Each structure stands twice: as structure tokens, then as C-alpha cells.
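Enquirer: Each chain, letter by letter, is given below.
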Amino acid sequence: MNTAILFAVITLSIIGVLSAIILYFIAQKFKVIEDPRIDLVAELLPGANCGGCGFAGCRNFAENIVKNESLENMFCPVGGNDLLKQIGPVIGQVAEEKEPTIAVLRCNGSFANAPSKTQYDGVKSCYFINTLYPGDNACPFSCLGAGDCVVSCQFDAIYIDETTGLPVIIEEKCVSCGACVKACPRAIIELRKKGKKSRRIYVSCVNKEKGAISRKNCAVSCIGCGKCVKECKFEAITLENNLAYIDFNKCTLCRKCVAVCPQNSIHELNFPERKASQPASGVVEEN
Amino acid sequence: MKTFKLGGVHPKENKLSSNQKIKEIGLPKTATISLTQCLGASPEPVVVKGDKVKVGQLIAKGNAFISANIHTSVSGTVTKVDDAVDASGFRRKSIVIDVEGDEWLETIDRSTIINNNIVASKDEIIAKIKEAGIVGMGGATFPTHVKLMVPQGKKAQSLIINGVECEPYLTSDHRVMLERGEEMMIGVRILMKALEVESAYIGIENNKKDAIDYLSKLSEKSLGIHIVPLKVKYPQGGEKQLIKAAVNREVPSGKLPIEVGCVVQNVGTALAVYEAVQKNKPLIDRVVTVTGTSVKNPCNLLARIGTPISMLLEEAGGVPEDTKKVINGGPMMGKALNTLEVNVVKGMSGLVIMPESESKRPSTANCIRCAKCTFVCPMGLAPYQISLMTESGNAALAEDERVMDCMECGSCSYTCPSARPLLDNIRVAKNKVGLIIRSRAK
Amino acid sequence: MANLLTISGSPHVSTNQSINKIMWGVVIALVPTMLVSFWYFGLGAIILTLTSVIACVLFEFLIQKYLLKQESTVTDGSAVITGILLALNVPSNLPIWMMIVGALVAIGVAKMTYGGLGKNPFNPALIGRVFLLMSFPVNMTSWPTTLAQRAILPDVITGPTALGIIKEGVAKGETVQQLMHNVPSYTDMFIGNMGGSLGEVSAIAIILGGLFMLFRKIISWHIPASFILTVFVFTGMLFYIDNTKFVDPVFHLLTGGLMLGAIFMATDMVTSPMTKSGMLLFGFGCGLLTVLIRVWGAYPEGVSFAILIMNALVPLINKGFKPKKFGEVVNNG
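Chains as they are written, first to last, in my numbering: chain Y, 1 to 287; chain C, 288 to 729; chain G, 730 to 1062.
If you're looking for bench data, these hints aren't it; they were derived computationally from the structure. Only a predicted model underlies this, so the values are computations on that prediction, with no experimental measurement involved. We treat Cβ as the ideally placed atom computed from N, Cα and C, and that holds for glycine. Any given hint could be a false lead.
[Claimed, not checked] Partial pick of chain G residues on the chain Y-facing surface, computed with a CB cut under 8 Å: (1) L734; (2) T735; (3) I736; (4) G738; (5) S801; (6) I825.
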């Protein structure tokens, strides 16, 4: 009995030692010499691998920063400016400040505003529905509400509101990685400047059809009337293909355009309530 | 009896209108002619608002290589050249014509005398077909003249005529074969001349015995045309399946039928070719089957392109109360319409109306890996696997599963006992893989 | 807005087949086997089968409702099949509580932990059976004789199966020819008059069920045919080499759980390959392993283990055996 145990112990030990030696040589042969700074940078990164920086994961982002020894055009939307300030010293560069952005849904075609004219029965994928037909509200630009953006969001920052059928972006959770922008087959979600005190003004519509047609499908579509363009003194609003667009770099958040929009399709977010003398015509979103 | 080997299903045939004679319906008040009626590039309009047009006049010219002309099917005044909802559900460029009378171009021979004498040469035939704007009438709407121009280095050996009509419900091809068989056979001979082939095979499924008998009798007179009765199996009307069934050749993956010396044309196309070449009549009307289990009078209607489908539905006894789905095409491959305010297009082979009980998809359950989808796939794919890849967000992997071979026949979704949306998922994968392939080519 | 048009991708029609129809079809196919077991083993068999079925259904229902919190799918009949198959795999004098434990393992461990129907890599009933076999080897291998046998020999209540008799005998050095006197005749085996677990006794009843499933297109012939043929050919070769040590192939076909395994267990859709060529290989592997275990293994019977081992290989088989693709092998003569 004792010899059996002894035998087993000795055999196993020999195998262990042999394997260790083999492993050592293999490790030597396939050793990859890596810049130690990559690890330093990678440790600073959030590790969410969301792809918001445009690289294949956090590690790849770190590798590229170290390789180029530059922070130009490198931005991690999750960590933001604070993170880049920390990375800067590691490679001896100073990061440029970048204004934080946030995902914004530019469609308000809720069940109430754009009533359903058909009923979809099939796989829940905006991508697929988009290839099939314009959507239940018949607007070929509107949100399809099947939640591709919800699936794409790694930060649980989007959910579909059951009563409106539209996705809602949770401001506190959104890190502006842009995954939903890529996931949306209709390019409805846009990354816009977060703005002072999170205040934002944007046209909540991407419909390029003529006003008469888009209005048939949706009560709050942009009809391209151009009133907001005339109202804006900062040339922040442009009108193209029957659709107004507010340039967030030029917008001063004066809110005048919101008041003149006949379709209530310009939205203001996180503003204090207007005084009674200045009635608001814009729909203030909950939040 | 011949058929293709791999896969296939047997959906309930429901050919309710197979005994209904083709009936010509009246002129609409306004015709809305979509400019997106063929695969490839849309033709450019050559008329403007206010123009007076006569039936058969060119209103849009296809300039691209893969594109087909469009002619007006009514006479009257052009009131609009603008976007309108077409059968795809999206707004597309269309020409709206207010109908005034029924004045035809003088060049069109409107007599019913059958012209048996083919005088046009090969090139003249192709030119005439191109001019007449003929597209594949089976539903794919690929421009016919492009199909007839055999690429350099390839040789067409046989023409295959698709009289299979494997889709349930639809009977328009069946009726064309029975009622316009003689003209269609001349069309086949014209196509043979255009392709310089000695033999043509007309594949007809065995559930259309009367058409097989009738055409067999007619084919005795014309040399080289063979009638091939085929066992009923869906999707026999698929080009590759039909070639396999009729002449037992297998088109390699990713290649066109001409690779094995075959060109496939639909019976409706053959008839249109006859009219274009012998009668100078461009493609301005087609036979549409209006059917469904709840429809009062399932029928086959000869309608001008651009006629509102509401007229066709009226002719069939109106839209029943409980209608929940109207399909453009057959129930296996057709598209559900999202509005009834659309108009007849060249590729509209039928309108199938479904009541609530038939329109709803059964509730889905877990995949039980029964492998039925792999058994019925006529292209030998593994639909469950591609579907899983899409569901897990790895649609790009499906390229190795040869997802691009899929012709979207729907046999997999049809046969799935768990009613999983296999084809929906495969389409997503196909789309994504297609994008990858195109971006790689750049 | 009652009359909104429905939009969905094609196809707009679907087969009248459904999971429920398939599963209840299997249950119907199992009826003859169950009836035979009731006939030969009496009340014990009925109680065991009922216990097993009720336990399986109940466990699935409870787990789905309270643990997974998903919609209950017990009505699809798959739990009933597991229950019946599990009962058919145990001796008729098994204590009731063991049966319930087996059902818990089959449904709870082998099926629901993976996510329920369609996601289990192993056949749940077999996992339940093997669990019982390893945990309670004495109870699981004391095979009661049938009621008909007891009428002749009233004192013998339990005994080894035919396979066990041969295996032990050969190990002791006796020849097969001598041992054959101790086993039931082939006719008895065919109709089921022999000791064994509830379901593995009557070949004819199982074949009847198999034919029904073939007719209803619930199973294809590939797995049972290649399984049974492999066992037949392999044992035939052994028998030809030395007929004193090895029993003839017909014996192998009629004894043990071969028929039940080949027709009802190996053909389980969830745990078998997805292509016809893969199915043939799967059946071949099952057959080979069965014979290896029967002839040289520690247990007299090896069908359960053979199928479970092959279950584990199914993903690999699926990877290696893709369906034949159209236009891949071009042979245009």
C-alpha cells in the first residue's frame, strides 16, 4: 500500500517538474515584449470594451495611444476628460479638453403623436423591420421601437417606454459611447453636446419628407417651414430637405426657436419652467 | 415524375381561383405608375406634368445596364411626377396620369389574330424586348433583355420556361398557360431564337394537369419545346431548383443559371415577349390573381399597370370584414402590404387576402433541434444555425454558412414546429453579410 | 382600431406541425410499450409510471414558475415523455421515493438547469436513470421476473437479466451454449416475457411505437437503423470469431434496452445531430459503445451510457457534418 502511494507521488512530481521545464522554454520562445506603459494606460481605462472610442476594446485603445504617443483624436467617452488628464502624464502629453456629449433621440413619434396604421408581427429587430416596411406609423424616418438601441447599450441607459413606444435615454447612465447611434438603422439617435447644466435644444424629428406628407403620419414632425431658422439670430439652425437641424456648437440655448415651432418638434431639456407671460409651446420632456 | 432533390416542403395548395377565366377589368380613373418596377436602377421619367400621353407611350427610360423602360398603360394627362407609396410600402417616384378615354399608339397591333410568323432577327428581338420594358413576371422583376444577353464566353444550351407556380393560392400563370397558351408558345419560340438554343423545357407542376395536356398538344407542332411535368413541391419555381428538376443540372453556388447553359423565363414573360415582338405592345398589363379563403370571388384579373388595387379587390367581392393581412405575391415569398392604397406593378402576380385567423403567426417556442429546417432547405443550409448567429449578434459569422445562397423561399420558417422566425433572422444575417461583402469589394 | 393590417416577413403560412403535436405523438407511440409493461409487471408498473410522470410534470411546473419565473410550458408534453421514459428504464419494484428522486434529477438537473426544452445537451430521462443506477445500484439491478414467469416459478421473484446471466457466466468460464439454457427463449424476449426494466422487455411493442413515429415523421430512420445495425454487425463478428464466449447477434438485439434506446432515447430531437449523415454516425457510435460496454465493460448493459456519451459528442458531429449544400458538388453530366 505504502509503495503504491510513494510511487504515485514520485511519478506525479516527475511529470510536474518536466512540464514546468517545457513550459518555461515555451514561454521564453513565445515571449512578447510589450511597452509597460500599455498596461498602465489600460488600467486607467474603464474596461467596459464598449467601442465608443472607435477601437476594438479598451486594451486596443491603450495600445494605440502608447504606440502613437499622442492623444490627438483619442477620446474615451466613458471616462471623459478626467480620464484623459490621467492618461496624459503616462505618455507625456497633455489632453485637449473635449465637451461631453450625450445620446439624444430625435423622434417623438409616440403612439399618441403618430398612431399605428398597421400591426407588426415578427422578430423584434429594428434592423429587420427597416428592410420590410416604413413602420407601423407609416413614417419612413421614425423610430421603429423594437429596441435595437436598448440591446446595444452596455450601460443599461436606454429602455423602451411602454406607453409611447419610444426609447428613453437615462441621462445619468449614458456615457455617450455611440453604440446606439450605430445600432439604429434609421440614424435617429445623435450624440449631441451635453450643454450647460445638461440643457439641450434639438429638433426631435429626422423626417425629410414634405410637410404635407409627414404631417399626415405624425402630429409632431418637422415640416420644414423654416420659422425657427428665421427666429434664430445665431445662424445655428439650418434647413435642408424639409428638415431643420440645430447645430449644437452654435446654439446659445435661448429657446426662441422652441416657441415658434408650429409642430412642437423642437425640444428643450432640463430648462427651468417658463414664466407665465411667456407661454411655452414646446413639449417639455419628462426627466 | 421529376423534381429537385434537396429539401422542399408541401404547403397547402389552396388554388381557389384555378378555374376562373382571366377577366379584364375596366380602366381606372387615375393610374399611378411606380418607377420602381424592376430590379436594378429605376428608369428616368421622360414626361412632365401636363403632357398628354397615349397607351403604350414611353414615360420612363431605363438608361442603366440593368433597368427597364416603363410605358403608360392608360391615355390621358400626366398630373404629377412625384413620390407615392408603392407596393414596397415606401414612397417612391411615380407618374400619376388622369385617364381620358382609351387611345392607343397606332403602332400597337390590337387585333386578336395570332401572328405565328417570327420575322425579327436575334438582335431585333432583344432590342424590341428592351424597348417594351419587359421584366421577369414571376415576381423577381429582373429585366428580361439583360437575361437574354448571354455574356461573352458562355453559351446558352436550353431555355427553361417556368410554369411551375409553386406558390400556394396563385393561379395567374396557370390561367395564362390555359387561355393564352398558343401565344405563349410563340413567345417561347421567340425567346429560343433570341438565345439561339435548340431546346426549351416548360416545367409545370402536376397539379395543373389541364395545362400540361393543353401545352403538350401545342408543343407537338413546334420542334424542340418539351413539356416537363413536375412533382408538386415548393420551391420548385426557384430558378436553381427548376433547372435541377427539369434538366438535372446544378447551378454552382453564387453563380447564375447561364453557368450551366440555362436561361429561365416565366410563362407570363413569354406571353409579354410575344406581345412585344409580334404585336409591338409594350408591357402595360398583367394577370393578377386575387384570392384568399375569405374572399367572395377568387379570380384572375387582367389589369393595367398602375391600376389601384382597390379596384381589383372590389372585383373579387370586396375586402372581407375580418381581413388582417393582404399579401402582394404568394403567401410563401410575398410581401405583406401596409396600405391598400397601392397600385398594380409589373411584378405583382397576386394578392392574397388573409383573415385574422390565418394572419397571425403561431406563438414561438424554444428550438428543439428537430433539424426539420435543415432537411427542407432547398439550398442545403442550416437555417437554425444562421438564425442563432443573428440572435446572438454574430450575423457576420453566417457568411461561412453560405447565407448568401439563401433565396428566402421560407421553407424553414414554414416547417418549424416551434414557429421560430428563422427566415426573419436569416434575412438580417444576409443583409449584414451582404454589406460586409460589398465593403470588402471596394 | 380593430382592423389594422398585420405586417410580417414572409412566409405567411406555416405548417400544422407543432411541438405539442410532436411530443404527444411520442407519448402515443409509447403507449404499447407501457401497456406491455403493465401486463407483465402488474400494479407496481402502473404506480411507478404514474409517479414518474406526475413528478416530472410537477417539477417542471414548479421550477418554471418559481425558479426561472418564465411562462410555463408543461403542456407541451415533453415532461410527460421524460416521465414515461424514466419509468420505463427502472425495475418495477423500485421504491416510489427513488422514482421521485430520479424525476427530480431528470427534470431539475438534466433539463431545466440548461434552460429547459431544447437546450439540454443530454437526454433527461437517461441522466435520471444513470443517476439512479449509480446511487442505488442494488435496487436498480434487482430485476423482478414477469407475472407470467412467476406463475411457473412462484419462488423466484427477482433475477438477473438475460444479459447479466451471460456476462457473469462467461466471466466464470462457462460457455455461451451452456448459459443459453438459463435465459428466456427468443420468442419470449420478442414479446417481452422476461425480467428487466419496465420498458426494455418487449421488442415488438417498441417497434410498433417506432413505426408510428416514422409514419408521423417524428423521427427519421437514420439513428435507429444505424444503431441497431451496428450492434448486429459488431456482435455478429464477435460471434463468428468465438461462439463460446460471445452470444449471437439476435440475442443482443432482443435483450436489454437496445430497442428502447435506439428508437426512443437516441432519437430524441434535442440531443441528436442535425444532419442525416451526422445521425448515421451518431447511431453508429451508440451501437459501437453499447457493444463495447456489454461485452467488456463493468455493467452488463451499456445502452444508456453509450447514448449519453454520444450526446456529448453531438455538437462536434454537428460541426463536422454540415448538410450537403446545393451547388457545392457540381456534377452536371
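Enquirer: Work down the list of hints and note, for each, if the structure agrees.
Expert: Hints versus structure:
Given hint, G/L734 at the interface with chain Y, holds; its Cβ is 5 Å from that chain's nearest Cβ, closer than 8 Å. For G/T735, the interface hint holds, the least distance from its beta-carbon to any beta-carbon of chain Y being 5 Å, beneath 8 Å. Evaluation of the G/I736 hint against chain Y yields a held restraint, the C-beta minimum of about 5 Å falling below 8 Å. The beta carbon of G/G738 comes within 5 Å of a beta carbon in chain Y, closer than 8 Å, and the hint placing it at the interface holds.
A least Cβ separation of about 22 Å between G/S801 and chain Y goes past the 8 Å threshold, and the interface hint is therefore violated. About 43 Å separates the beta-carbon of G/I825 from the nearest beta-carbon of chain Y, more than 8 Å, and the hint is not met.
Consistency with the previously given hints fails for numbers 5 and 6, ordered from lowest to highest.
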